[in-house]
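Take the sequences, apply the hints, and build the full model.
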Amino acid sequence: MQDKLKSIGKPSPKHDDLVKVSGRLNYAEDYSMPGMLYAKVLRSKYPAAKILSINTARAEALPGVKAVLTAKDVPYNNTITKFGQSKDVGGGFEALYRVLAEDKVRFTGEAVALVAAETLAQAEEAVKLIEVDYEPLPGVYNVEDAVQPDSYKVGEEDTNIIAHFKSHKGDVEKGFSEADVIVENTYRVPFVDHTYLEPESGTAWIDDQGVLTIRVSTQVIEHFRGVAKVLGLPENRVRVIGTMLGGGFGGKEDITVESFIALLAWKTGRPVKLTYTREESFLAHSKRHRYVMHYKIGAKKDGIITAIKAEILSDSGAYPYLSPWVLMYSTVCAAGPYSIDNVDVDCKSALTNNPFGSANRGFGSPQVNFACESIISELAEKIGITPLEIREKNCIRQGNVLAGGMKMDRYVALPDVGVQAWEAINEQPKLKPADESKKVGRGMAIGMMTYGRMTFLHDTSRSHIRVELDGSVTVRCGVPDLGGGQAASLCQIVAEELGVPLSKVRIYISDTALTPLAGTTTATRQLYMSGNATLKAARVLRERLLTRAAAELNVTAAELDIADEKIFVTAVPDRSLPLKQVILFCSGEGVELFHEAQFNAPFTDVPDLSNVQGQVHPDFTFGAHAAEVAVDTETGEVEVLNIVSCFDVGRVLNPLRCEGQMEGGSIYCMGYALTEEIILEDGITLNSSFTDYVIPTALDAPHVQSITLESKAGLGPYGAKGIGEPACNSIAPAIIDAIYDAVGVRIKDLPATPEKILAALKA
Amino acid sequence: MHTNTRILAHNFVYHEPKTLDEALTLLDKHKPGIKILAGGTDVLPKMKRNHFECERLMYIKNIKELSFIDNSNGLKIGAATLLSDLEKSPEIKQNYHALHEAIKAIGAIAIRNMATIGGNICNAAPPADTVPALLIFDAQLKLVKLGGERTVPLNQFITGAEQTIIEHGELLHSIEMPELTGGLLSTFVKLGRVSVDTARINMAVAADIDGSSNTIKTARVALGAVGTKAYRCPDSEALLAGKKVDESVILAFADSLTSVCDYAIPGRYSLPYKREAVRKLAEDAFKQLLS
Ligand SMILES: Cc1cc2nc3c(=O)[nH]c(=O)nc-3n(C[C@H](O)[C@H](O)[C@H](O)COP(=O)(O)OP(=O)(O)OC[C@H]3O[C@@H](n4cnc5c(N)ncnc54)[C@H](O)[C@@H]3O)c2cc1C
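Chains as they are written, first to last, in my numbering: chain Y, 1 to 763; chain F, 1 to 291.
FYI, nobody ran anything at the bench for these hints, they're computed from the structure.
Please note that a few of the clues may not be correct.
List of simulated lysine-lysine pairs, DSSO-like, C-alpha gap at most 27 angstroms [stated by the list, open to error]:
#1 F:Lys46 <-> Y:Lys128
#2 F:Lys35 <-> Y:Lys128
#3 Y:Lys45 <-> F:Lys46
#4 F:Lys287 <-> Y:Lys432
#5 F:Lys48 <-> Y:Lys128
Here the structure is a predicted model, which means the values were calculated and not measured.
Right, here's the structure in full:
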């Protein structure tokens with residue numbers, strides 16, 4: 001089939017590349033309205049404090065100030081977090097969403113009051129004039145303390161623990177007793193930021209029909225329902241228009257500015273804009289959770305793993321947001337992509353007075369992947385086999401059952417991806433640096449990461465296609481585009497199915513009023529979900545066009561094909577009709593030239609949380625990273641020399657975009673491995689700027705070799721799987737393993753800073 | 001355009017003098033509420049974070065008199081000369097090599113196209129990269145004000161972290177370095193966290209090495225980012241003078257730098273790391289000098 005495809009699989013520069021690089025694309029902050037007010041947020045300077053009183057009189061009296069709002073002004077200040085899922089999943093997963101701090105603040109940077117004023121300077125001035133009388137509370141900053149029964153309580157409940165999931169199989173004690181080698185370690189990973197280029201931004205106004213309209217940079221336009229709840233409005237009186245994102249990575253999955261600007265616009269009747277500064281963005285939005293992970297693993301001399309036990313503690317920070325969902329991913333992935341008979345996984349998440357954790361590319365997978373892959377590599381070394389061998393001996397294969405009880409019916413590209421990554425990195429002999437203090441090492445890790453949302457959320461997506469009379473095509477789909485080409489992929493599918501060039505397909509996205517709801521651009525789900533919805537709609541239209549052409553050409557529709565704007569008899573390509581002519585026939589005869597289709601993912605029930613078993617995710621993407629590093633034994637500095645990223649992506653729709661994800665993902669979590677961490681001191685973020693929060697620069701990015709395997713075994717269009725999040729999953733343990741190979745130091749506490757490496761070398 | 005990305009929250013009057021006279025008059029008239037703006041690569045981030053407020057900002061990059069490279073007698077550089085212009089100067093690369101290397105180590109090219117050498121000095125950040133290089137060349141700073149001028153050595157100009165002796169109404173006019181005698185080789189080394197980063201440690205080293213005996217006649221060493229200001233290291237310089245270049249002298253040099261760190265930042269969180277890592281800079285510096 002591959003050769004026949006015209007659009008799918010071909011490298012096509014993104015349809016929006018040119019507007020982006022020429023600076024013509026409008027991001028959320030670029031939009032303004034006549035008569036617009038500027039908003040500012042007053043944020044808590046304490047991580048834990050009682051709010052005794054708030055006096056807004058002086059702020060309100062300031063010229064130009066049009067509104068000052070506190071919790072008492074929010075019609076429904078306490079609602080429930082929802083993330084565009086089709087089904088309510090209730091307690092254990094859905095938790096408090098609070099617009100403005102009430103009674104007690106839970107983290108530094110929590111929104112306490114809102115201001116809207118004629119100018120930004122006035123809004124900033126007004127924020128300073130709001131007097132908040134706080135009574136500082138002790139707070140709890142360490143998740144290991146937070147789980148203790150007598151700990152300070154972050155919220156209103158009598159425990160800080162917000163989720164506790166377990167999964168077990170076999171008998172781990174028996175497994176350990178059979179093992180010849182046992183390794184036991186504690187791994188720690190820090191809170192990290194998404195560091196997108198574009199800080200949070202949006203503008204809200206009330207349109208001439210009285211509809212509260214919000215134009216915002218978001219991954220989830222379905223938050224219009226949440227905003228409606230906060231204001232007590234009918235859902236059809238709130239409209240969210242999503243802009244092209246300057247990066248999301250999960251950080252714009254939660255509501256950011258939407259409720260704030262909605263409340264201010266509603267109160268003042270004027271358009272209101274709010275854009276966070278970089279420093280504010282660091283304080284205000286979610287982080288990837290800090291985890292403490294205790295792992296124990298045992299194996300026979302021959303390398304066969306007999307048991308694995310993982311006790312995982314996630315620091316959810318001040319509010320739950322998506323923490324329980326993230327924890328569910330960790331529960332499923334904790335024992336890795338391995339077939340192990342005896343497994344015990346115990347995962348907890350608890351509130352602290354730290355910044356709140358939520359979605360971040362990988363969604364609970366990179367944390368446990370780092371721990372699991374690190375301990376597997378250490379085990380291999382103790383046994384005396386290579387990192388690849390231990391994975392070959394133990395990885396799951398098609399037909400095996402995962403630790404969490406899910407049977408892998410579909411093709412599993414393990415150990416293939418690992419073998420290819422490892423061979424590619426070892427193709428060249430190791431570099432011998434001129435500098436004797438530099439040692440070169442190589443490492444690898446494999447991983448599995450789901451694409452598509454958890455199946456108990458009953459995920460759905462919709463897409464609408466209309467064929468125009470001149471043969472061009474219009475697509476409407478409520479997909480937010482994060483810059484990953486989410487919209488362009490849908491166009492490619494339509495071009496393929498309807499036989500038109502990509503340039504003739506135009507797409508409208510991300511508008512709750514005008515585009516069918518497609519669900520969130522999260523969970524690596526859009527190609528899978530909206531791709532399938534679009535494919536379904538396109539195939540209905542294709543069938544209609546073929547049917548009409550069949551009548552004209554005196555054949556059956558099944559004998560026809562469509563390409564290059566022609567419908568032709570497959571066996572006799574010369575017998576053809578211009579597509580446009582068939583469209584005009586249809587139009588003239590009242591045949592519907594549009595279609596909206598819905599795609600449903602597999603649905604399951606909420607699993608038993610005390611023993612998570614069976615299907616929780618639709619499918620997984622399997623991948624591997626291999627890394628080559630040079631470690632300076634005198635300074636502890638690590639230079640990543642080469643990265644190989646190998647994934648079974650099912651099917652490549654556009655090689656440029658797919659490689660873009662694989663390269664970007666590798667560098668994204670290279671920072672996780674080496675430099676990135678939110679430094680907290682009793683709940684205060686000490687590095688809320690890019691001067692102090694260090695991410696790799698372009699000069700630090702090594703060559704990334706992307707190897708894509710195409711099993712065509714995915715659940716997405718044409719057998720595609722998802723790549724967005726999986727692409728970053730296993731690079732951190734690969735780099736850490738390479739550091740060990742170079743200098744014999746195993747870093748168990750990310751990031752692997754020069755200080756830690758040097759201290760370990762000197763120890 | 002209506003925009004919320006108002007980087008600078010407060011209002012100020014903006015001046016763009018074309019001549020030095022005009023600038024000095026403005027400085028005198030509006031002191032102390034007037035702030036000098038050169039490339040803005042330090043000023044703007046600080047204003048954005050409300051580190052200071054000022055009533056007036058005076059842009060000096062239009063003043064031709066402040067932008068020049070004169071190597072007729074030693075080296076004189078106008079304070080508002082762009083780092084990227086200095087980087088391109090063959091004379092600096094040849095004779096004041098440590099300065100050339102220090103400039104290349106600053107930011108990325110976009111920063112060097114904006115930033116000036118005077119800004120790097122006057123901002124007086126402990127890790128400022130040009131400072132150790134200028135220290136080993138015994139740089140003198142010419143400060144001018146309406147109706148007056150003075151020349152002060154760089155090591156007296158910077159008094160601490162972001163502290164200098166410059167007075168209101170004064171402007172850094174130029175940097176002067178005496179002509180180099182003998183065959184002084186020099187270099188600059190820097191340790192950052194990522195490729196484009198402020199220094200965790202930086203160091204400039206110059207040595208006059210007698211080729212035939214392979215002996216160091218004199219040496220100059222300056223260390224930055226270890227303590228609140230960069231400084232010359234007289235003990236290390238003395239230790240090197242008269243020694244043959246071999247492994248043992250480099251080791252002794254490294255030891256002396258470790259002691260400098262121990263003395264400069266006792267008890268600091270960064271000490272255990274810096275006292276070790278500085279040893280690598282010692283080695284690298286010599287490797288580069290000899291290459
Ligand atoms: C992304 C980034 C990376 C950076 N990387 C580095 C780095 O690697 N190494 C490094 O050392 N620095 C670095 N910097 C800091 C900065 O770029 C340099 O210090 C630069 O040389 C400052 O010059 P400027 O012309 O931009 O100064 P400005 O910001 O315009 O001014 C800095 C200060 O000097 C004063 N000033 C300027 N000129 C004069 C004058 N003629 N007389 C009196 N006062 C004056 C100003 O009032 C202000 O206080 C970086 C900055 C950024 C934003």
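Pair hint outcome, Lys287 (chain F) versus Lys432 (chain Y) [Cα-Cα no greater than 27 angstroms]: holds, 17 angstroms
Lys35 (chain F) paired with Lys128 (chain Y) [C-alpha distance capped at 27 angstroms]: The hint holds at about 25 angstroms.
Restraint check for Lys48 (chain F) with Lys128 (chain Y), where alpha carbons must lie at most 27 angstroms apart: holds, 16 angstroms
27 angstroms limit on alpha-carbon distance, applied to hinted pair Lys45 (chain Y) and Lys46 (chain F): Within the cut-off at roughly 21 angstroms; holds.
Straight-line alpha-carbon gap Lys46 (chain F) to Lys128 (chain Y), limit 27 angstroms: holds, 19 angstroms
The earlier numbered hints are all upheld by this structure, with none contradicted.
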